[in-house]
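> Okay, here's what each chain looks like letter by letter:
Protein chains: 6
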Amino acid sequence: MSEKLTHFDAEGKAIMVDVGDKQSTSRKALACGEIRMQQATLKRIMDRNIEKGDVFGIARIAGIMAAKQTSGLIPLCHPLALTSVELEFNPLIEQGCVEISATAKVNGQTGVEMEALTAVSVAALTIYDMCKAVDKLMVIGAIRLEQKSGGKSGDFSRPQDG
Amino acid sequence: MSEKLTHFDAEGKAIMVDVGDKQSTSRKALACGEIRMQQATLKRIMDRNIEKGDVFGIARIAGIMAAKQTSGLIPLCHPLALTSVELEFNPLIEQGCVEISATAKVNGQTGVEMEALTAVSVAALTIYDMCKAVDKLMVIGAIRLEQKSGGKSGDFSRPQDG
Amino acid sequence: MSEKLTHFDAEGKAIMVDVGDKQSTSRKALACGEIRMQQATLKRIMDRNIEKGDVFGIARIAGIMAAKQTSGLIPLCHPLALTSVELEFNPLIEQGCVEISATAKVNGQTGVEMEALTAVSVAALTIYDMCKAVDKLMVIGAIRLEQKSGGKSGDFSRPQDG
Amino acid sequence: MSEKLTHFDAEGKAIMVDVGDKQSTSRKALACGEIRMQQATLKRIMDRNIEKGDVFGIARIAGIMAAKQTSGLIPLCHPLALTSVELEFNPLIEQGCVEISATAKVNGQTGVEMEALTAVSVAALTIYDMCKAVDKLMVIGAIRLEQKSGGKSGDFSRPQDG
Amino acid sequence: MSEKLTHFDAEGKAIMVDVGDKQSTSRKALACGEIRMQQATLKRIMDRNIEKGDVFGIARIAGIMAAKQTSGLIPLCHPLALTSVELEFNPLIEQGCVEISATAKVNGQTGVEMEALTAVSVAALTIYDMCKAVDKLMVIGAIRLEQKSGGKSGDFSRPQDG
Amino acid sequence: MSEKLTHFDAEGKAIMVDVGDKQSTSRKALACGEIRMQQATLKRIMDRNIEKGDVFGIARIAGIMAAKQTSGLIPLCHPLALTSVELEFNPLIEQGCVEISATAKVNGQTGVEMEALTAVSVAALTIYDMCKAVDKLMVIGAIRLEQKSGGKSGDFSRPQDG
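Residue numbers (our numbering), protein chains in the order written: chain Y, 1 to 162; chain L, 1 to 162; chain U, 1 to 162; chain Z, 1 to 162; chain A, 1 to 162; chain C, 1 to 162.
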């Protein structure tokens, strides 16, 4: 852990790090998270999916659109021309939990962790919004980076027990 | 738990719920969350705060600005003229954890849970962004509604063991 | 037709019309439009709906979110706290046409025609985007105001042959 | 018509298509549309142009700015660094019609049809907004792609009777 | 000068000031500024106006649209439903100077100084952008509040020698 | 001064200049400006900095975020993938003045003057906003381009007496 907090200069002033000299490479990041809820809430979501009210479909769109807004939300993030965003929702009815994952890709000079993490976060918030009338106890959590490739700092895979 | 998923009409189509007939009242919501990291990472944040690189200060601004963008991020959220947003950061060095809380207020026809939850989420993502060069294992979690007042559905306080 | 182009002052300069003295009333607008395509394209959309790829569901979300961005798109539009937005899609397979309608509501000092028209337009553009790989000949049209109520200028209903 | 709806994966989930492996080429799109109105309305627009109230000038700016916001409006559109946007307005007084065309260009991995179509749509909506006090019967229509070049799928020109 | 810096709480943390208990009144602000340039540059602007390239017309639209984005730009500004925005441009050819003024109005719980000042600033930047190919020495300055009315702190008029 | 106003075509219509054939080079711009205030106001800012209310820290974040929004604010600006933004604040207590400078960088086909100038302007407006309760006489001024490099028009440095 020898690197420093790169978003501050020597005097401690916040900067948008200069990535102009970094190589433009194909970069990818996978982030995950979850939203926990009462089992009955999740059943209701699943039932409606079988009908037509598509909670996950809407959360997926919200996540994709949020990924594109990342540099407008996170102060020191660079604007990026994302080439791909995908989200997955895995409902675990027994546990009353929906696992969410997002993959973002770019050909560029900086990584896309923040885009993937933002997609997961806003997808979870969107599920929360659509279910809050029936369940105010939902908890969003376990939002983390799972994998990252491209860029000179090398690939990253979260250790299994992470 | 008799209420239905209000963001869908009888046929299951997504709608922005009609709040036009709801009373305009003074509403408030308190949301909380946390970001867990290596103890060394948190110490570095705290040290820099003692110097001048103000991680929490920047995350606070990001959270406030994100609260104002909530209806642009969450598809079925109503636009709201927020009257106040405040964020608190409570670093727990022993546990390698920063607790984040956000309070949002409005005089309006619908609640501000989503604004408070969005402020917490984006503040956590901002801390992640500024520390990711030194710690890729950080986890954002426990994002939840703690309190809510105003509006006809009555006040809400999360049970202690929530 | 005695009223003047209200978005210009006496010297012809563009202004955001002063609505500060207008009464805050409950206002509503209904706009419609359509997107014409090859019959085969529409069948494909409908088939996928029966599967899971929900073209209309995504267009609905895009329309709702666009309605909220109207004052950021149309230079002289007032920002409004919309209380409701709804969209309907009516596929006419024989004609190779999808009819789109949007209803917007507000309690405010100015009407919501532009919000309803923007919702229809962006929903149609979103359908176009999702089908353009299979059909480049689609045409968006007949975007118009159908009804409007609230406000001192009185209610409006488009004549049948409009 | 053998291609599939590319914005959905094999399971029917919406995705922002991965364009990371497509070649970065010089791409261009030309979209057209029109807004029909009472002859008297169009005359008034033209008269004011001769004075100073420049309806088309404002609609042009709105169209250019909207083209830059396309990926924020259309859920599955890629963010693009547009290199050029131009709009033309062709008033046909006899027919009470304004023809609108927009050309967008990029050096990138995906086409700019949606940017050109969005520019035309928002320019038309802006004309509608500025004239709606004198004419509520205006109709926006015939929004379509006319030409497209660059990219591996080859050039496209709309057939004359399209 | 006894008031404190209201955007910080007792501990020095930034807050979006709580205006929920302030009275909703009719508020207005007038801000002014200028952009200085070579006489030849200004003549060129004026000549083009006489032709058709309307520098001030575009700067006016930019200023109006920016006023609507103020709370997205200035971190601790409240979102406001502006009821009116107007800009004036006064070219002084002898001095090589364009005076810019903007008036913003709202019925709300907080003032609109920042909206008027933002409108002036972005209008000036827009003039700069359109003329920078012929004159890189332009200077934007004298951006200030001239008048303010509404709200409990009383009306303000800048002293003549301000 | 032989170049023409490039943002207008031969007929005087506004265009987003076509930069598609310009070379993608490493470009940089340095802009400066200032905000003048009562000495007592500046002392208060400095005192609070010594405590914890970090006016310059917040203005720095606002400036960086505004730089990223430049093409959404200035109608004919191209969207750019900024690689770096930095701001400096230099308080001159005797003069009651804060000097602000911003450096923006990009690898691209067009310059970043407008991004640097926008960062300075919004940083100044943010300081104004945070201090306006104690000082309504502040004046923002001297916003100008100081240096520019990269691109075929050659490097620019403002003459000393500029």
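It is worth saying that the hints were derived from the structure and are not from the lab.
These numbers come from a predicted model, not from an experiment.
One should not assume that every hint holds.
Any copy will do: because identical chains look the same in the list, a pair fits if it lies in one copy or spans two.
DSS-like cross-link-like pairs, simulated, lysine-lysine; straight-line CA separation at most 30 Å [what the hints assert, rightly or not]:
| hint | residue 1 | residue 2 |
| --- | --- | --- |
| 1 | K43 | K136 |
| 2 | K43 | K13 |
| 3 | K43 | K22 |
| 4 | K136 | K152 |
> Taking the hints in turn, state whether each one holds.
Evaluated hints:
1. K43 - K136: within (16 Å within a copy, 34 Å between copies)
2. K43 - K13: between (49 Å within a copy, 18 Å between copies)
3. K43 - K22: Close across copies (29 Å), not inside one copy (48 Å); limit 30 Å.
4. K136 - K152: This pair counts as between: shortest inter-copy Cα distance 15 Å, intra-copy 44 Å.
In terms of the numbered hints stated before, the structure departs from none.
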